[in-house]
Structures are given as C-alpha cells and as structure tokens.
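Asker: Chain residues, written in single-letter form:
Number of protein chains: 2
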Amino acid sequence: MRKTIILYGVALAALTAILKFIEYRFFVRDLSLEFYLGAVAVLFAGIGVWAGQRLTRRKVVIATPDFKLNDGELQRLGISKREYEVLELMAHGLSNQEIADKLFVSLNTIKTHSSNLFMKLDARRRTQAVRRAKELGLLP
Amino acid sequence: MRKTIILYGVALAALTAILKFIEYRFFVRDLSLEFYLGAVAVLFAGIGVWAGQRLTRRKVVIATPDFKLNDGELQRLGISKREYEVLELMAHGLSNQEIADKLFVSLNTIKTHSSNLFMKLDARRRTQAVRRAKELGLLP
DNA sequence: TTCAAAATCACACTTTCGGCTGATGCGGCC
DNA sequence: GGCCGCATCAGCCGAAAGTGTGATTTTGAA
Chain A
1 MRKTIILYGV ALAALTAILK FIEYRFFVRD LSLEFYLGAV AVLFAGIGVW AGQRLTRRKV
61 VIATPDFKLN DGELQRLGIS KREYEVLELM AHGLSNQEIA DKLFVSLNTI KTHSSNLFMK
121 LDARRRTQAV RRAKELGLLP
Chain B
1001 MRKTIILYGV ALAALTAILK FIEYRFFVRD LSLEFYLGAV AVLFAGIGVW AGQRLTRRKV
1061 VIATPDFKLN DGELQRLGIS KREYEVLELM AHGLSNQEIA DKLFVSLNTI KTHSSNLFMK
1121 LDARRRTQAV RRAKELGLLP
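Protein sequences, first through last, are from chains A and B.
If you use the numbering used here, the first sequence closes out at 140, no skipped numbers anywhere.
If you use the numbering used here, the second sequence closes out at 1140, no skipped numbers anywhere.
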C-alpha cells in the first residue's frame, strides 16, 4: 500500500512537470486558458477514476437474491477473502489472466490463490473447484 | 444509467461555471496559475474517483430456479446427444482425459466434441461453457 | 510493537486445453 | 448412389492451467 501511494506521488510529480511544459507550449500558441483548464480537468478526472479503482479494489460486492453465503464453511476450510474473490471470478468462467487484470495483480498471484483454493476445496481443476464450492453453499 | 450520465454532465457544467467565477477571483488576487491548476487537478481527480465508483458499481444478477431440461434450446443450438454427455461430465469437473476414459473414446474425440460445444455455446473455456449451459437451462 | 496470516510475485516445469486441419466410417434420406 | 450429419480419431501447436519452491510485503490482531 505504501508502495502504491509513493508510486502515485511520483506519477503526479511527473505529470506536473509535463503540464508545466505543455503550459508554455499552449501559451505561446495563444490557446485559450479555458481549453487548457478543460484538458487538465479531463486528465485528472481520468486519473481519479483510475486511482479510485486501484485503491478500492478490495471491496467485494456479491448480491444474489435467494443466496445465503455459508460463512461457517468458508472459515472451516480457511478460505481467505482474496481467495474467495478469485473463486467467484473463476465461477464466472474467467481465465486466470482475466482475473489477474480484474483484480490488478499478477498472473502468478492468481495462480497461487487458485492453487490454494484447489487444496482447500479438494479439487484438481477449476471446474471441480467451482462445483464443489456450489455444493458447499459458498457460491450461488 | 442514462440518468446518472446526464446528472454528471450537469454537475460538470455547473462546476465549470463555478470555476469560471473562481478563476477571476483568483486572478485579481494574483494567486499563481500553478496553484489554480493544482486546485483544478485535485478537484477533478476527486470527481473522477467518485464518478468511477458510482459507474462501476456492481449489479445484482438473478439466479436460476429449479431445473427442467430445456429441449428446445438444445435443438436450437444443435447440440447432439454425445456432445451433451460430454457437457455433463465437463460440468462435473472432469478433465478431457477422464471424460474420454468414461465414455470409452479417445482424448481427441473429446476434444472435438468440446470444441464443437464451445462453438455452439459461444464459450472459450469449459468453465464458461458450463456456466452458459446452466443459464440456458441445459444443466441443473 | 511484535508476530502470524494473508497477499503478493517470480520462475521453472508439467499437464491440460483449445484451435486447426484433415480423415474415416456409419446411418438416414432424397 | 450421393449428400449430410454425427461420431470417431490423429497430430501439431500455442496458450492456459496447475505444481513446487522460495521470497517479500501488508495487514490485523494480540
């Protein structure tokens, strides 16, 4: 987390430098201030969206009408929050790479999580894991 | 969704107006342009975070009730008996090799069947195929 | 603050999947 | 007889998936 925050700081500093540069370019060309401001606004709005997604990725929202998650079973098997997220996406038919992209982590990380899941769910393949999870009331 | 987008548009327009006003206030007070730009950047970054959160909120999906095989759908998609058998075993989490053994045919045969299934079910992976089949009422 | 669990990632490997091409045999059907 | 759909199989290739080991960073709770 600290790492990412520092990263953002650096990124913002770099952007500031770029903006500084662009600023003079724009002014010598007599482009309007409004346009410049608009560009900045749009740019930073985009950055905000991105950063927001990145920073709040931990939240899991699963809502299915008649489904009630079996917390006990989850704990009994020692399945962590992150692992559960992976399990869900797996159940949606996503590939490991897609899951990695969606959760903003590396492919290897997903592989580790899924391996752990297979162990805990006593499965050898993702299809089995998903089936087992449904039987245990871990998935709708 | 459309409503929210329009809402954002209006909000942005209002903000622009406000900025326009603040702009002159700032300039007559001789505050630096850099400061002004920074404020805009921060503000819009914030807006971006907020908007991003709102727009990517997840939706609730309705789960399927009890199972009654959908023959019509099977025929519509042109799924043969053998293919359906493979699909069933696939849904049980078996590997292609295991399916081949169970049906007393070669691995390659299963591969062709599954490939055809993926085509007919518009899926790329077995997990997707199974999911899709369940949605269509082809599997419990 | 300390410590264990959780999360992250790497890298080297093996296995499994899935796409593609092409082939053969069988049973209906016009 | 010729055409078609189905089922069967082969072989190749690249991409995913899964295994095993080891390491670092974050986090949460005591």
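Be a bit skeptical, because a hint or two may be false.
[Stated by the list, open to error] Simulated crosslink set (DSSO-like; lysine-lysine; CA at most 30 Å straight-line):
(1) A:K134 / B:K1111
(2) A:K120 / B:K1102
(3) B:K1120 / A:K81
(4) B:K1134 / A:K120
(5) A:K120 / B:K1120
(6) A:K120 / B:K1111
(7) A:K81 / B:K1111
(8) A:K102 / B:K1102
(9) A:K81 / B:K1102
(10) B:K1134 / A:K81
(11) B:K1120 / A:K102
(12) B:K1081 / A:K111
[Stated by the list, open to error] Per label pair, the in silico range of CB-to-CB distance:
(13) A:S106 / B:Q1075: 20 to 28 Å
(14) B:Q1075 / A:S80: 38 to 46 Å
(15) B:N1116 / A:D122: 25 to 33 Å
(16) B:E1085 / A:E135: 36 to 44 Å
(17) A:L107 / B:K1111: 37 to 45 Å
(18) B:H1092 / A:M119: 31 to 39 Å
(19) A:T112 / B:M1119: 27 to 35 Å
[Unchecked claim] Looking from chain B toward chain A, a few residues come up when the C-beta cut is under 7 Å (computed):
(20) N1096
(21) A1100
(22) R1125
(23) R1126
(24) T1127
(25) R1131
Derived from the structure by calculation, the hints contain no laboratory data.
All C-beta atoms, glycine included, are put in the ideal place defined by N, C-alpha and C.
Asker: The hint says 27 to 35 Å between T112 (chain A) and M1119 (chain B); measuring C-beta to C-beta, is that right?
Answerer: For M1119 (chain B) against T112 (chain A), whose Cβ atoms are near 33 Å apart, the range 27 to 35 Å holds.
Asker: Under 7 Å, Cβ to Cβ, is where R1131 (chain B) needs to be relative to chain A, so tell me if that hint holds or is violated.
Answerer: holds (5 Å)
Asker: Verify the proposed pairing of K81 (chain A) with K1102 (chain B), using a straight-line Cα cut of 30 Å.
Answerer: violated (36 Å)
Asker: Using the C-beta atoms of E1085 (chain B) and E135 (chain A), is the stated range 36 to 44 Å upheld?
Answerer: Violated: the Cβ-Cβ distance is about 21 Å, outside 36 to 44 Å.
Asker: Indicate whether the distance between the beta carbons of S106 (chain A) and Q1075 (chain B) respects the range 20 to 28 Å.
Answerer: This hint is violated: roughly 44 Å between Cβ atoms.
Asker: Taking only the CA atoms, is the gap from K134 (chain A) to K1111 (chain B) under or equal to 30 Å?
Answerer: holds (26 Å)
Asker: When you take the CB atoms of N1116 (chain B) and D122 (chain A), is the distance between them in 25 to 33 Å?
Answerer: With Cβ atoms ~31 Å apart, the hint holds.
Asker: Holds or violated: R1126 (chain B) as interface residue toward chain A, Cβ cutoff 7 Å?
Answerer: holds (6 Å)
Asker: Double-check T1127 (chain B) for me: the hint is only fine if its C-beta lies closer than 7 Å to a C-beta in chain A.
Answerer: Holds: closest Cβ of chain A sits about 4 Å from T1127 (chain B), inside 7 Å.
Asker: Quick one: are L107 (chain A) and K1111 (chain B) within 37 to 45 Å, going by C-beta?
Answerer: violated (25 Å)
Asker: Within 30 Å, alpha carbon to alpha carbon, are K1134 (chain B) and K81 (chain A)?
Answerer: Distance of about 26 Å is within 30 Å: holds.
Asker: Would the hint linking K81 (chain A) and K1111 (chain B) be met if the CA-CA limit is 30 Å?
Answerer: violated (35 Å)
When each numbered hint is compared with the structure, violations occur for hints 3, 5, 7, 8, 9, 12, 13, 16, 17, 18, 20 and 21.
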